[in-house]
Structures are given as C-alpha cells and as structure tokens.
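Keeping their order, the protein sequence lines are chains A and E. If you're matching positions, the first sequence starts at 72 in this note's numbering and goes up one per residue. If you're matching positions, the second sequence starts at 72 in this note's numbering and goes up one per residue.
Mixed in with the good hints there might be a few duds.
Any copy, or any two copies together, can satisfy a pair, since identical chains are not distinguished.
Heads up, simulated DMTMM-like pairs for lysine to aspartate or glutamate below, C-alpha to C-alpha not over 25 Å straight-line [stated by the list, open to error]: (1) Lys272 x Asp218; (2) Lys220 x Asp307; (3) Lys211 x Glu360; (4) Lys422 x Glu304; (5) Lys211 x Asp351; (6) Lys211 x Asp239; (7) Lys272 x Asp239; (8) Lys167 x Asp408; (9) Lys118 x Asp214; (10) Lys130 x Glu370; (11) Lys115 x Asp184; (12) Lys308 x Asp239; (13) Lys167 x Asp273; (14) Lys308 x Glu345; (15) Lys422 x Asp307; (16) Lys211 x Asp88; (17) Lys405 x Glu371; (18) Lys275 x Asp88; (19) Lys405 x Asp239; (20) Lys98 x Glu360; (21) Lys98 x Asp307; (22) Lys429 x Asp218; (23) Lys435 x Glu291; (24) Lys115 x Asp182; (25) Lys397 x Asp239; (26) Lys435 x Asp214; (27) Lys98 x Glu371.
It is worth saying that the hints were derived from the structure and are not from the lab. Being a predicted model, the structure only gives us computed values, none of them experimental.
There are 2 protein chains.
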Amino acid sequence: MAESPAAIRFGITGCADIARKVARAIKLAPNATLYAIASRSIDKARKFAARNGLSGAVKIYGSYEQLLDDPCVDAVYMPLPTSLHLQWAVLAARKKKHLLLEKPTALDVGDLDRILEACESNGVQFMDGSMWLHHPRTAKLKDLIFDPKLFGQTDIIRSTSTMPGTQDFLESNIRVKPNLDALGALGAVGWYCIGAILWAKDYKLPTVVNALPDVIRNSEGVILSCSASFHWEPADKTVATIHCSFLSHTSMDLAMTGSNGSLHCNDYIIPYQENSASFDYASGATFVELHIGWNVKVEEVTVTSELPQEALMVQEFARNAENIRKFGNRPDSKWPDISRKTQLVSDAVKKSIDLGCKPVTVAK
Amino acid sequence: MAESPAAIRFGITGCADIARKVARAIKLAPNATLYAIASRSIDKARKFAARNGLSGAVKIYGSYEQLLDDPCVDAVYMPLPTSLHLQWAVLAARKKKHLLLEKPTALDVGDLDRILEACESNGVQFMDGSMWLHHPRTAKLKDLIFDPKLFGQTDIIRSTSTMPGTQDFLESNIRVKPNLDALGALGAVGWYCIGAILWAKDYKLPTVVNALPDVIRNSEGVILSCSASFHWEPADKTVATIHCSFLSHTSMDLAMTGSNGSLHCNDYIIPYQENSASFDYASGATFVELHIGWNVKVEEVTVTSELPQEALMVQEFARNAENIRKFGNRPDSKWPDISRKTQLVSDAVKKSIDLGCKPVTVAK
C-alpha cells in the first residue's frame with residue numbers, strides 16, 4: 072500500500088512470530104507505515120527484516136530504548152513477554168508513543184493501571200492486540216445479538232480458545248515460563264474467551280467468576296488449561312463459560328443462545344480464511360408437526376473483508392493516533408476500557424484458580 | 072409398513088403429543104405394530120386414534136389397566152408424567168410387558184431401581200425414549216470421537232438442550248408442575264444433555280457434578296433453566312458442561328474438543344431434517360504461515376437414515392423383545408444401564424442445585 076504522507080510511523084519492539092503478522096498488517100493499513108524495528112540483539116532484528124522482506128528504509132535498532140528514543144516513531148507495537156510489559160509500555164508512553172500492546176496486557180490490573188495512567192497522562196492512544204474485534208464479521212455478529220426481536224435476551228455464551236502445544240512449545244515457549252508469561256494459557260488464549268464474553272455482554276462486567284476444577288498446570292505452576300463460569304447480578308440470568316488450553320486441538324468457538332435466536336461461530340479469533348468469514352445463525356426456530364424436524368434452516372451468514380482483521384486493527388489504532396495529532400483529540404477511552412475489563416476478569420479467574428476454584432467477586 | 076407376523080404388538084398408555092410421534096414410529100418400524108392405545112378417558116383415546124388416522128383394528132381402552140391386562144399386548148410405550156412412572160411402569164413389568172418408558176425415567180434413581188427390578192424379575196426389556204441414540208449419525212460421531220488418531224483424548228464436551236416455553240406452556244404444561252414432572256427442565260431436556268455427556272464418555276460416570284448459580288425456578292420451585300459442570304477422577308481431565316432451559320431459543324448443541332480433533336453438532340437431539348443429518352468436524356487443524364488462516368477446511372459429514380430415529384429406536388427395542396420371545400434371551404442390560412447412569416447424574420445435578428450449587432459426588 073502506498074504510504075500516505077500523514078501515515079502513522081510504527082516501531083516494533085521485539086521480533087516474536089506475531090510481529091511478522093503485524094508488520095505485514097502495518098504495510099497493508101493505508102494510514103500506517105513501518106518505520107523501525109528493534110530487538111535486544113541487532114543481529115536478530117536484521118534477520119527479522121531480511122526474513123520478512125522489509126524495505127531498506129526501515130530502521131533497525133539493537134535495543135528497545137533506542138527505538139523509543141527515535142522522535143520519528145509515532146506509535147509502537149509491543150509483542151514482548153507479559154512480564155516485560157510494565158517496564159517497556161510505561162517507557163513508551165513517557166516517550167509519547169501511541170501504544171499497541173500485545174495481549175495479555177499485564178500480569179494483573181495493578182500493572183495495567185500503571186500502563187494506562189502513563190498513556191493517559193502522556194496523551195497517547197492505548198489498544199491491545201485483540202485483532203478479531205476489528206473484523207467486520209464481529210460487527211455483524213454484534214448487530215444480531217443486540218437485535219431484541221431476532222436474538223432477544225442473551226441466556227448462554229460459551230467461548231473456547233484452545234491450541235495443541237507441541238512438546239517443544241510445552242517445554243520452552245515463553246508462554247509456559249513463570250518469569251515471562253506467568254498467566255500461561257489463561258493469558259495467551261483465555262484473553263480471547265474473556266474478551267468475547269465481555270464483548271457479547273456489551274462490556275457489562277460479571278459480578279462473580281468461578282474456575283472449574285479441571286485446571287492443569289505445568290511443573291512450574293503455569294496454567295496450561297482451565298475453564299470458568301461467569302455470572303452477573305441476580306436479575307441478569309446470563310451464564311457464560313470459557314475454556315482455554317494449550318493441550319487441545321485448535322478451537323475458537325463462540326456459541327450463544329438468546330430468548331429468540333442462537334448463533335455459532337467456530338473461528339471467531341482467526342477466521343478460516345482471510346478475506347471472508349462466516350457464522351451460523353437461527354432465529355425463531357421450532358419444530359415441525361410431530362417434532363420430526365425443524366421449521367427453519369440455519370442460515371450461514373458470510374461477511375467479506377477487504378483488509379485482514381489485523382490490518383483493520385492497525386488502521387483503527389492509527390486513525391485514533393491521527394485524530395490526536397491532527398485535531399488534538401483525547402485518546403479514545405474505548406480501547407483501554409475494553410482491555411482493563413478483560414484484565415479484571417482474567418485476574419478474577421486467576422484468583423479463583425489460586426483459591427482452589429472458589430467463587431471470586433470481580434473487582435471494578 | 073406391512074405387519075410381519077412376528078411383529079411386536081405395542082400398546083401406548085397416554086395420549087401426550089409425543090405419543091403421536093411414537094405411534095407413527097411404531098407404524099414405520101418393520102418389526103412392530105400398534106395394537107392398542109389407552110387414555111384415562113376413552114373419549115380422549117378415540118380422538119387420538121381419529122386424529123392420527125389409526126387403523127380401526129387398533130384397540131382403544133379407557134384405562135391404562137385394561138390395556139396392561141390385554142394378553143395380546145407385548146410391549147408398552149409409556150409417555151406418562153414422570154410422577155406416574157413408578158406405579159404404571161412397575162405394573163406393566165408385572166404384566167410381562169416390555170417397557171419403552173419416556174424420559175426422564177423416574178423422579179430419582181430409587182424409583183428407577185424399583186422399575187428396573189420389576190423389569191429384570193419379569194424378564195422384560197427396558198429402554199428409555201432417547202431417540203437420538205438410535206440415529207446412524209450418532210454411531211458415526213462415536214466412531215470419530217473414539218478414534219485415537221483423529222480425535223484423541225476428549226478434553227471438553229459442551230451440551231445444551233433448550234426450548235422457548237410459550238406463556239401457556241410455562242403456566243400449565245405438565246413439565247412445570249411439581250406434582251407431575253417435578254424435575255422440570257432438568258428432566259425434560261437436561262436428560263438429553265446428561266445422556267450426551269455420558270455417551271461421549273462411553274458411560275464412564277463423572278465423580279463430581281456442580282450446578283452453576285444460574286438456576287431459574289418457577290413460583291412452585293420447578294427448575295426452568297440450569298447449568299452444571301461434570302468432572303471425572305483427577306487423572307481424567309475431561310470437563311463437561313450442560314445447559315438446559317425452557318426459557319431459551321431452541322438449541323441442541325453437542326460440541327467436543329479432543330487432543331487431535333473437534334466436532335460440532337447443533338441438532339443432535341432432533342435433526343433439522345428427517346432423512347439426513349450432519350455434523351462439522353476437523354482434525355489436525357493448525358494455522359497457515361503468519362497465522363492468517365487455517366490449514367484445514369472443516370468437514371461437514373452427512374449421514375442418511377432410511378428410517379427416522381424414533382422408528383430405529385422402536386425397531387431396536389422390538390428386536391430385543393423378539394430375542395427374548397424367540398430365543399429365551401435375557402433382556403439386554405445395555406439400555407437399562409444407560410438410563411440408570413443418566414438418572415444417577417440427573418439426581419446429582421438436582422442435589423447440587425438443592426444445596427445451593429455445591430459440588431456433589433455422583434452415587435454409583
């Protein structure tokens with residue numbers, strides 16, 4: 072995509088695999104340009120640039136600090152291990168860089184609040200890397216579930232995010248190391264499940280979460296697999312369940328039933344294909360005479376997308392950054408609010424697990 | 072279907088709506104014939120016969136007892152309210168009638184054991200009315216989930232059975248009346264969810280069940296909606312969740328994820344269509360380069376069925392009855408065992424609900 076003169080200039084701190092996908096997304100987003108990459112080792116950064124065919128114009132730094140000190144960098148995408156977020160995200164904000172932070176955002180909401188305060192006080196945009204929220208299918212799903220006639224009151228939401236960790240992953244990946252990504256599967260993949268439940272409830276926080284007693288940890292205590300149920304105040308009878316795991320076949324199910332409709336989306340985090348995505352949906356279903364079949368055929372709704380969801384995420388983030396630069400806007404509070412609520416619920420699930428699966432009240 | 076001379080002669084006690092479907096199934100099954108119907112009122116029985124176009128040869132009785140006293144009746148299909156099962160099912164067994172009993176089988180396992188003992192001591196076949204177990208799709212699903220390579224170890228099973236009760240249903244249907252069907256939604260639709268979980272675990276009983284705190288009861292205390300999680304002994308990390316309700320849009324989801332595969336079946340109790348049924352299935356799924364899509368397309372597996380599942384149920388039941396009559400076989404213990412395990416788990420869910428959603432050990 073040709074670079075617009077007003078494009079937001081991105082730096083990437085860290086050369087994790089996910090950075091390759093976001094580097095491509097930055098290239099695809101019309102209002103963004105990849106300006107610099109940094110690794111703790113300049114060799115690693117050079118290799119990343121070569122492997123990903125980055126233009127020779129992309130600056131290459133051998134330390135995160137150097138990248139953050141470059142005044143031409145407007146925004147930073149930060150795919151570092153979670154335990155490093157607090158230090159580097161706060162520094163990025165202080166250096167007036169808009170911050171696209173990989174999820175999970177922090178080890179707990181206390182750390183996240185320090186990051187968000189740094190962004191707020193420095194007038195920079197914050198957003199976490201939940202790409203699926205930016206797919207047009209997600210907007211279509213939302214239109215549907217908030218249609219009182221077609222869907223009605225939400226009764227049950229079930230969300231999974233599982234992946235089969237290879238032996239190598241389970242032994243040495245940063246996501247199973249207590250000093251790097253202490254939240255394990257709850258952070259790496261459970262973040263999506265929790266985010267999907269909150270999204271489906273229009274970000275109304277549950278009052279209580281309860282981990283189920285199927286927790287599996289590795290020898291260092293990091294969560295490899297867990298489930299939980301979420302409950303709202305007594306007048307709100309929605310029940311939601313999540314299951315996240317490094318030990319199961321790839322799944323990313325979002326299934327919801329309301330008083331008038333139901334839907335199934337089995338690839339909500341990463342669509343099967345890049346340019347179009349679907350979900351199944353039924354409303355007003357009942358049985359034919361004698362109950363020997365259904366009166367409605369489940370509808371497959373397909374939504375096309377001109378840009379992949381990660382490029383739409385970058386575009387939205389860069390749009391916010393542009394609005395701040397051009398019009399002196401305040402950062403959009405929508406994105407930090409979403410991240411904070413997700414972190415609050417994640418903290419409560421973690422606490423419930425640590426307490427032996429006792430019910431835990433969700434903090435505000 | 073032309074009646075075979077050896078066809079098992081069925082009587083139906085009770086003219087509930089479901090009896091219409093099973094009357095048709097008896098007509099469709101090649102080894103069964105509808106011989107008699109009974110209602111507490113002979114007028115009601117006559118109307119049922121007329122409405123369903125029953126042959127003039129079908130005997131019509133104004134009491135259940137008269138039908139059970141007819142020596143030509145080999146087998147009884149009994150769609151009575153659950154609270155009447157103990158009395159009439161035991162009497163039917165004593166009268167040497169094979170017993171196809173509508174679910175839930177009894178108010179608790181104590182009552183069911185009395186029914187099963189009566190069947191056992193009188194040498195008659197027992198089966199409950201779970202039709203979906205007899206669909207060839209169910210056999211196909213089972214082949215798949217017990218394939219260690221394609222599916223692997225089962226990690227999570229989620230099952231729902233929900234229907235939107237009309238105002239009339241919620242006010243006056245027998246399924247919401249404490250003196251008729253005291254188990255409410257747990258019995259009427261939760262039976263399927265529990266049955267599906269047990270089926271998926273090859274009838275290995277969970278050790279603990281835990282109702283979730285989203286229970287909704289009516290003013291008379293009957294359960295209208297509830298959820299629960301099931302857990303096995305520590306070495307078995309499967310987690311299963313159920314949700315059953317009279318207050319939600321029609322849903323009957325069975326979703327499972329194993330170490331190597333996953334499947335989704337959204338009409339497992341009553342297929343969308345009568346003659347063929349499908350499910351979605353993936354094995355070995357992972358992401359393509361850069362994680363911008365999946366490496367496998369989910370496969371839709373379709374299974375055709377020459378007879379509807381309820382006719383296959385009648386056929387299997389009549390086959391067991393024939394084997395007893397012709398060859399002096401003992402009744403097949405498979406079917407009472409399935410019912411008893413389902414009832415045991417249902418009892419534990421009920422107890423967990425009654426205890427305020429505390430974990431409950433499943434009895435043996």
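Taking 25 Å as the upper bound on the Cα-Cα distance, should Lys115 and Asp182 be classified as within, between, both, or neither?
Intra 29 Å, inter 71 Å, cutoff 25 Å: neither.
Lys130 and Glu370: within-copy, between-copy, both or neither at 25 Å Cα:
So Lys130 and Glu370 fail the 25 Å test inside a copy (49 Å) and across (45 Å) alike.
Indicate which option fits the pair Lys118, Asp214 if close means a Cα-Cα distance not exceeding 25 Å: within, between, both or neither.
So Lys118 and Asp214 fail the 25 Å test inside a copy (44 Å) and across (47 Å) alike.
At most 25 Å between alpha carbons: which applies to Lys211 and Asp88, within, between, both or neither?
neither (30 Å within a copy, 39 Å between copies)
What label fits Lys435 with Glu291 when the C-alpha limit is 25 Å: within, between, both, or neither?
Neither: 30 Å inside a copy, 36 Å across copies.
Evaluate Lys220 and Asp307 at a C-alpha cut-off of 25 Å and name the case that applies: within, between, both or neither.
Within one copy only: 18 Å inside a chain, 42 Å across chains, cut-off 25 Å.
Give the relationship of Lys422 and Asp307 under a CA distance limit of 25 Å: within one copy only, between copies only, both, or neither.
Classified as both; 23 Å inside a copy, 24 Å across copies.
Under a CA distance limit of 25 Å, which applies to Lys167 and Asp273: within one copy, between copies, both, or neither?
Cα proximity of Lys167 and Asp273: none, with 30 Å in one copy and 59 Å across.
Is it within, between, both, or neither for Lys308 and Asp239, if the alpha carbons may be no more than 25 Å apart?
between (42 Å within a copy, 22 Å between copies)
At most 25 Å between alpha carbons: which applies to Lys272 and Asp239, within, between, both or neither?
neither (37 Å within a copy, 30 Å between copies)
With 25 Å as the alpha-carbon cut-off, assign the pair Lys397 and Asp239 to within, between, both or neither.
Classified as neither: same-chain Cα gap 47 Å, cross-chain 60 Å, threshold 25 Å.
Is it within, between, both, or neither for Lys211 and Asp351, if the alpha carbons may be no more than 25 Å apart?
The answer is both: 12 Å in one copy and 23 Å across copies each meet 25 Å.
Hint compliance for this structure: hints 3, 6, 7, 9, 10, 11, 13, 14, 16, 17, 18, 19, 21, 22, 23, 24, 25, 26 and 27 are not met, and every other hint is.
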